[in-house]
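**Student:** With the hints as your guide, set chain X onto chain F.
2 protein chains.
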Amino acid sequence: MTSEDIVRTFCTSWESRDLAALLGAVSEDLVYQNVPRPPLVGKPAFEAFIGPILAATRAIDFIVKSLATSADGKMVLTERIDRLHYADGTVEVPLMGIFQIEGGLIVRWRDYPDSAHVAAQFAALGGAGGD
Amino acid sequence: MTSEDIVRTFCTSWESRDLAALLGAVSEDLVYQNVPRPPLVGKPAFEAFIGPILAATRAIDFIVKSLATSADGKMVLTERIDRLHYADGTVEVPLMGIFQIEGGLIVRWRDYPDSAHVAAQFAALGGAGGD
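Protein sequences appear in the order of chains F and X. Start counting the first sequence at 1; every next residue gets the next number (the working numbering). Start counting the second sequence at 132; every next residue gets the next number (the working numbering).
This is chain F alone, in the form it adopts within the complex (with noise of 0.2 Å):
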């Protein structure tokens, strides 16, 4: 698989919902970051940190607008509208993320959302989720 490959099976496997999927393409090393939050390091703290986003929503769209892979191949980045869906409304995030790739697994990633128009739509849901 390409690393254009691999992201896009990545934000599949978020809209199929596919915890298993999402765990087994990133390295046991990852570091996540919601920019400019503190990163998340490492699987089991990504883990943690979808668990509860999958449990949560009804269903997910990580719809990609745009994407490019850098000239060496190891980075992807995307412009992305991410959408989560609970019982009582649906959150969109506009956003875009980067990914970094080696040995076939995303050993990198950070979004840039709006941090403050993603708690404006959690607020108004009643504070269901967090983000």
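It cannot be assumed that every hint is accurate.
[Claimed, not checked] With a cut-off of at most 30 Å between alpha-carbon atoms, the simulated DSBU-like pairs for lysine-lysine come out as follows: (1) Lys174/X x Lys43/F; (2) Lys43/F x Lys65/F; (3) Lys74/F x Lys43/F; (4) Lys65/F x Lys205/X; (5) Lys174/X x Lys205/X; (6) Lys74/F x Lys196/X; (7) Lys196/X x Lys43/F; (8) Lys74/F x Lys205/X; (9) Lys196/X x Lys174/X; (10) Lys65/F x Lys174/X.
[Said to hold, decoys possible] Footprint (simulated), chain F over chain X, 3 or more residues, beta carbon under 8 Å: (11) 143–155; (12) 175–184; (13) 223–237; (14) 245–257.
Hints in this document: simulated from the structure, not taken from any laboratory. All C-beta atoms, glycine included, are put in the ideal place defined by N, C-alpha and C.
**Tutor:** For chain X alone, coordinates are given in the frame of chain F:
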């Protein structure tokens, strides 16, 4: 020039504070958006936005951490650190941005900063500038 060249030159023009070069790089119908804020439409609106930034800052950094061009050559995705240096301090903005190129010009530009992170830094400066 490739689409990558156009974007890298545009970033360098920010650092050299070259208003003519910045305006020359974009189309008359440029749409610039600081997502999720409403877009600015047209070169005059863009000039009205950037002119005060160039006037209020004493230096600007536009550091490109990663860059990739889409397979069709039209979209250039970047991960950057923008720094606005004012007389009384610096605002540092980690962000991603996407540039659409047509006919050698930037026709769409969308940046994804964390607005609360930026606003907090401006507040610490005493409200100088705006973003």
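**Student:** What are the numbers of the hints that this structure violates, sorted from low to high?
**Tutor:** 1, 11 and 12
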